[in-house]
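Respectively, the protein sequence lines represent chains C, V, Z, P, U and W. Numbering-wise (my numbering), the first sequence opens with residue 1 and increments by one. Numbering-wise (my numbering), the second sequence opens with residue 1 and increments by one. Numbering-wise (my numbering), the third sequence opens with residue 1 and increments by one. Numbering-wise (my numbering), the fourth sequence opens with residue 1 and increments by one. Numbering-wise (my numbering), the fifth sequence opens with residue 1 and increments by one. Numbering-wise (my numbering), the sixth sequence opens with residue 1 and increments by one.
Derived from the structure by calculation, the hints contain no laboratory data. Errors might be hidden in some of the hints.
Identical copies carry no separate label here, and so any pair may be met within one copy or between two of them.
Only pairs whose alpha carbons sit at most 25 Å apart, straight line, appear in this in silico PhoX-like list of lysine-lysine [to be verified]:
1. 132 to 282
2. 211 to 132
3. 77 to 293
4. 174 to 84
5. 76 to 211
6. 116 to 293
7. 282 to 76
8. 211 to 84
9. 84 to 116
10. 211 to 116
11. 58 to 76
Keep in mind that this is a model prediction, so the values were computed, not measured.
There are 6 protein chains.
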Amino acid sequence: MSTIAYLNGQFVLSSECVLPIYDTGIVMGASVTDLLRTFNHQPYRLQDHVHRFYRSCKYARLLPPVPIGQTLEISKKIIENNSKSADGRELCLVYYMTAGENPIYAGAAGLPGDLKPTYVQHSFPLPFHLWKDHFVQGIHCITPAVRHWPPQCLSSKIKHRNRLHMWIGDQEIKRMDPKAVALYLDIDGNIAETGGSNFVIYRDGSVISPKRKNILWGVSLTVLTEILAELRIPFCEDDIQTYDVVTADEAWMPTTPYCLAPVVKINSTPIGDGRPGPMWRKIISRWSELVGKDIYQEIVGADHKVSS
Amino acid sequence: MSTIAYLNGQFVLSSECVLPIYDTGIVMGASVTDLLRTFNHQPYRLQDHVHRFYRSCKYARLLPPVPIGQTLEISKKIIENNSKSADGRELCLVYYMTAGENPIYAGAAGLPGDLKPTYVQHSFPLPFHLWKDHFVQGIHCITPAVRHWPPQCLSSKIKHRNRLHMWIGDQEIKRMDPKAVALYLDIDGNIAETGGSNFVIYRDGSVISPKRKNILWGVSLTVLTEILAELRIPFCEDDIQTYDVVTADEAWMPTTPYCLAPVVKINSTPIGDGRPGPMWRKIISRWSELVGKDIYQEIVGADHKVSS
Amino acid sequence: MSTIAYLNGQFVLSSECVLPIYDTGIVMGASVTDLLRTFNHQPYRLQDHVHRFYRSCKYARLLPPVPIGQTLEISKKIIENNSKSADGRELCLVYYMTAGENPIYAGAAGLPGDLKPTYVQHSFPLPFHLWKDHFVQGIHCITPAVRHWPPQCLSSKIKHRNRLHMWIGDQEIKRMDPKAVALYLDIDGNIAETGGSNFVIYRDGSVISPKRKNILWGVSLTVLTEILAELRIPFCEDDIQTYDVVTADEAWMPTTPYCLAPVVKINSTPIGDGRPGPMWRKIISRWSELVGKDIYQEIVGADHKVSS
Amino acid sequence: MSTIAYLNGQFVLSSECVLPIYDTGIVMGASVTDLLRTFNHQPYRLQDHVHRFYRSCKYARLLPPVPIGQTLEISKKIIENNSKSADGRELCLVYYMTAGENPIYAGAAGLPGDLKPTYVQHSFPLPFHLWKDHFVQGIHCITPAVRHWPPQCLSSKIKHRNRLHMWIGDQEIKRMDPKAVALYLDIDGNIAETGGSNFVIYRDGSVISPKRKNILWGVSLTVLTEILAELRIPFCEDDIQTYDVVTADEAWMPTTPYCLAPVVKINSTPIGDGRPGPMWRKIISRWSELVGKDIYQEIVGADHKVSS
Amino acid sequence: MSTIAYLNGQFVLSSECVLPIYDTGIVMGASVTDLLRTFNHQPYRLQDHVHRFYRSCKYARLLPPVPIGQTLEISKKIIENNSKSADGRELCLVYYMTAGENPIYAGAAGLPGDLKPTYVQHSFPLPFHLWKDHFVQGIHCITPAVRHWPPQCLSSKIKHRNRLHMWIGDQEIKRMDPKAVALYLDIDGNIAETGGSNFVIYRDGSVISPKRKNILWGVSLTVLTEILAELRIPFCEDDIQTYDVVTADEAWMPTTPYCLAPVVKINSTPIGDGRPGPMWRKIISRWSELVGKDIYQEIVGADHKVSS
Amino acid sequence: MSTIAYLNGQFVLSSECVLPIYDTGIVMGASVTDLLRTFNHQPYRLQDHVHRFYRSCKYARLLPPVPIGQTLEISKKIIENNSKSADGRELCLVYYMTAGENPIYAGAAGLPGDLKPTYVQHSFPLPFHLWKDHFVQGIHCITPAVRHWPPQCLSSKIKHRNRLHMWIGDQEIKRMDPKAVALYLDIDGNIAETGGSNFVIYRDGSVISPKRKNILWGVSLTVLTEILAELRIPFCEDDIQTYDVVTADEAWMPTTPYCLAPVVKINSTPIGDGRPGPMWRKIISRWSELVGKDIYQEIVGADHKVSS
């Protein structure tokens, strides 16, 4: 059964969800995005993701062509339809909005005021098997020399796709350790985030996140804070650097696709005893209860055939 | 007669030159680009542009799937073909290479090492009539609060499309003066460049460009330096700020589509007498001789019907 | 009936309150200041303003020639006297102290050690009608490219008059929108303050102020925090940027002359629904109760004749 | 015989050259300035100073109420008149322009658009005896912790009076060594300038000045470069730090009042042999020939009675 | 009776505790350190210091050759032994670990992987008489122009010995006031720490420390926070600058050798009334109770003969 | 035959050249250094190195206990003596001066004013075999996330040993590629230098060095500029970043021990064709002529037995 996507007012087959080479999302990177996942084929934290997406739009001066209510309807329809053809797998749903087709490149020679935003929603099945090592062995983070955008250039508080610097940083560290994940510093040397997740440390019974000025505050980070509050584990935001990670008890990457992954090494130095820690395991367990599914098993039990 | 484009090894109809929503150029902005124009239907400074494009690829860790020689052949073929359907208009040729299709999004779940770059060349006719006011009245530049990427995050020396910050800056200043052009400062407050051109000042008989660390060194800027050398006008690079523009005799924007445009106001303050200056006119004349076409007339004489 | 001012130990007619061109306040900007207003012809938060003024003096190495007690007496006398000739209008009282007369310029050729500070207090009636639009329509803030002094050069925690950068920034944005107010960023791109007020946002039930390192902590900001505490609305300080303002529910400018004004647009983008918000109105109402005067009516009901 | 000044269109007695406390030059530091001296009672480099003053005005958005030609006439008249009452002493002539009287403070409640600039020219006799030690023993420069304005806040390329930071820095170092001169670093730690002069070093046969981005390029610095060109001594601009001063052969302060003074210590460490150097002496001699007066003798031979 | 030290696995006479000139601690500054003192001949906060030392080692990639337990044993043995020969004086115990002997310099030409860390523990009697003036008159802090390392270069959160910049800064300010202590700013101009202590201010009933990103969080600072908690005095971390010190009620330097010293002047300006304050005295008293020794008397009653 | 060193006024056996643990060079890193090599057993560029060493001392406020002439004599004596026991190998001579023994740690309780500098000269045979791969295959440089000291903290223009940050950076990159050399960026992201050499690129017929503000200007870099001048190859200083290295034709590391080494990869990306280039070979050849020894053969022909 075929999957569908939403493109500029219409549902299309996923294979037909393409953009003309003149789109400003391609030409200028003038776009914002968001991404959620399903649990048991239901969208998780749908409202949180969609509202963040609309805030990203507002900051980027993109006027969504449909109201929030309609966006929610579209999402539900795509998830419902595409789940059927997913062999029981969970889905990721992607939101994407660009400033529209560039009239100069397109040959229609209008002024930017004439642009109509391009609006896409599409989904893909979550390839859990890719992250099995993350959960079993834990992640090795390397801080590349490349630094994350400073907020005076572009706010990291929106989810966008100007990530060429991260592509380059990722290439650099993957030639060192193909399984490593690049952890970006801001221009003052503080820990910021990875290309696809937040980053927090657990030390002396507290969890510390980098300050929100240089990061995209993830919905998973919000869920984490809720679970920590339940567990009466203090949470705070502070400027942290490599030292704090090296001397932490545990470190974690909150992220939409797999909720929370353990980081066990930074720049080749073990964090704690260099293995996924007990507090991570405890939080994953509680998270699993909340979503009604064993998150650990979802990842660790995944095999290539099923998940891809 | 229909125009063609080059897409991943094949010539396709321009209307069929589209990218899947999973392409890393769309998903991560992992792409580089370049752009040249024709004079009298011949590519101008073809070698310069193509070599810069290949340097951009190298920095961005993108391995071009074809050698430079073949790239040149493709370009010539597109220009030759598409000029025929351009009603005599000149063309812009765009180079675009991305890191390829994102296997996770695409559902094929490979590792990044498996990516094959996406390679596009396409053209569009130059809409000269859009820039008529630039030449007749001169340009008003406004420096938005948004700053340009610092080189420690991403080198401005490559031509890329992570320009969401410029989209936002442009929106901000266009709501103030719809015809204004945003001129970006670096994070130290030095003049850098606009979203589509370099920027230089002419003062006391010399031309000063911002230092190359924060700019894309344009091919048109190179041509300008060659003309200045002929005219024995000194040229240097220095950190310049708004003060230097306000007190300059003239200011210019070198750029591929219209070679060199006069800037006559910055932040609502006139530069010189607030009109396109005589040295600009002199350089445009010499440039016209070199390319065998009256550049001034090309722009000023353009009308909407012909150029779009 | 004529108004008086205090100048270096004497009460003089306001028209005679002048400074020689050699004064270091003029020659070097070596001065500090403060400013309070009356409510019902009584000085408001007199102690707060005078103590801040004395702290500013201490930081700037200016030794006040009179003790705090005497400064209070002078203030009361000026307000009492000048209120009589104010046709019922409220007053602003200005404190101003400079490093004294520059002996080199004055021709007396002593050393800086010989300087005697210049000390002025003067008043003027509050022109409420000027701010009517602020309250009725709300304020449009624009962030100019010019940035606020960093604290390593000069502490923003004192109230001083080295504000040429703000004069320039104001000129730039007023040519875009004559009614707009310039909102300055610090050199890292964080929101700091306007030339005459603090700036806070209200979002999700909390109020956030920029951190105190880059701002003058206003007495009105202190009053605001007191009212928020009464209303059990959380208040915190954080590094905020344009994104946070764009996505806030409301934004306000606390300031001595009109207490708290609603900001409804930033860089041409509406904040919330683009109109003065209900929480602002609620706070103004509570503030009015505290001072025994309807602040909203004072501004909105002002006409040119009465207030100037 | 009494001296005169120019104030807003009129010549007044110097003692009557005063500013109302509401002037924006006092209230906001919204002013620019310039300063020249006479040699043999003739203005020195009059054109250079006046043109720089007009450039400062343009950057600061101050529209001079009289054209340059009239400014020159006013200057000549003041110098001619005031030289008569100067007992043979040379004069300094000061230019000063502000944004005008602040209508809100003045009670006239207009908008900034209504401001008329305040324009002053005034003179004072040069107190050469104050600088005798500078020439005989040489100057001790100390770098305070306070840093100079960065150009992204306010360009140092104009001559203005927002110098409260320098007042504070001066106070700090004078309590350490009352005769020392504060030499300011920029926010990156490069040498910038003192409160009243430029600063250059002489090393291995070349003269190096800080880069122009963080300094006011003095007219005396221009004269110095002309003399160096005559003497075939290379001159360049570079980022220099304390190390370069400590290891220089000589260091000098070019400045209008006394042309060029020798710096012999920095932060208590001697430069070269800790005494005024031979190259300084040579340049002062050549400078004296050019102006037709023995500059060294003018300073060293000055006594308190004559010069003050 | 002779004192001993620990050097690379052996107890040696203190006089024989020397390092070869090839040690990487000397050649590259590749070392970390820590330092504790005794109270009544017992190590104070031994666990805190040793754990911090091991965290410093981990960050610096130095693998301690002995486990923590053994380190504690060594410390106790040195203190026990050396206290006997200390004439009743208290001791300081120093931990020092380097990356080991540099094989290239040593002529053994191995690769860095071959290095064995050098590990030293040694003690010295505390020269309390040196700090008598600190307690009786209070300390004068001066902020040199030299700035402290930014964390992106080297974390201040470890205790190390790359302090040449502090040696230079100290020399500069001691030539101004031989008894002054250099207080370092970070590269943004915030107060950081002195070469041998933390720095906090007490204002309006609260204690404020610089943020931990630019400082070594001292064990004495931890003790201070414990005492403040007992006394119900709020404590927070914030970016503070010179202004905050100038306008504080008191300022203190927490440090291992003498626990907490009063700072009474900064850059020649008195803090509070310029004398050691009552809250400092109160905290020292409580601290004395906690350690079972009168800390004030220990310092103030010290004489040269006894303590050195 | 035994080798000697110079230590505080005396020649001692190398094995006895040790420093007490209290030396300020160890305790505070308060030291400077320099290093030269022999060619044919004669010191190379002796004057250049010694004068730089004395300049480093002056900046660091260390007063050398012997004049330059005597330093030269000591050097010659050590080289003459130690060459005899070097089996024909060339030597490195190291200069090292510290602020002297720390009286507090040493128990002698004086004040810093009492310090006598520690002065060491010592030599070691050059282990050329270690660098064979550098010449044969070329060097892989990796830019760690750790950044080099900014000049506002400590000038890189002196040769010192506060290099813990480089130790850490080196450890990080060596765990990725054990043969790689760490190339440090400054805090703005510009290329600075490696822990033991300068770094230059060769591109389009010119050689570009990073600007001198963030580097130690090597004596080998000076020699390189002299050879380039002979060969009429332009040389300039500019801010360069990773992009410039990636797109260079060749890159080289000038350094005392092996003069000039080819860099063939940066962050795993080949420079040019990824092999030592012809211009490097040409310069090495000319350099060999100048020093009367085949530098290439010295390295490539070295074997472990002979050189270590």
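Hint check:
| no. | hint | in the structure |
| --- | --- | --- |
| 1 | 132 to 282 | within (18 Å within a copy, 53 Å between copies) |
| 2 | 211 to 132 | neither (29 Å within a copy, 39 Å between copies) |
| 3 | 77 to 293 | within (23 Å within a copy, 56 Å between copies) |
| 4 | 174 to 84 | neither (36 Å within a copy, 47 Å between copies) |
| 5 | 76 to 211 | neither (33 Å within a copy, 41 Å between copies) |
| 6 | 116 to 293 | neither (41 Å within a copy, 36 Å between copies) |
| 7 | 282 to 76 | neither (31 Å within a copy, 39 Å between copies) |
| 8 | 211 to 84 | neither (40 Å within a copy, 51 Å between copies) |
| 9 | 84 to 116 | neither (32 Å within a copy, 30 Å between copies) |
| 10 | 211 to 116 | neither (35 Å within a copy, 37 Å between copies) |
| 11 | 58 to 76 | within (23 Å within a copy, 42 Å between copies) |
Consistency with the previously given hints fails for numbers 2, 4, 5, 6, 7, 8, 9, 10, ordered from lowest to highest.
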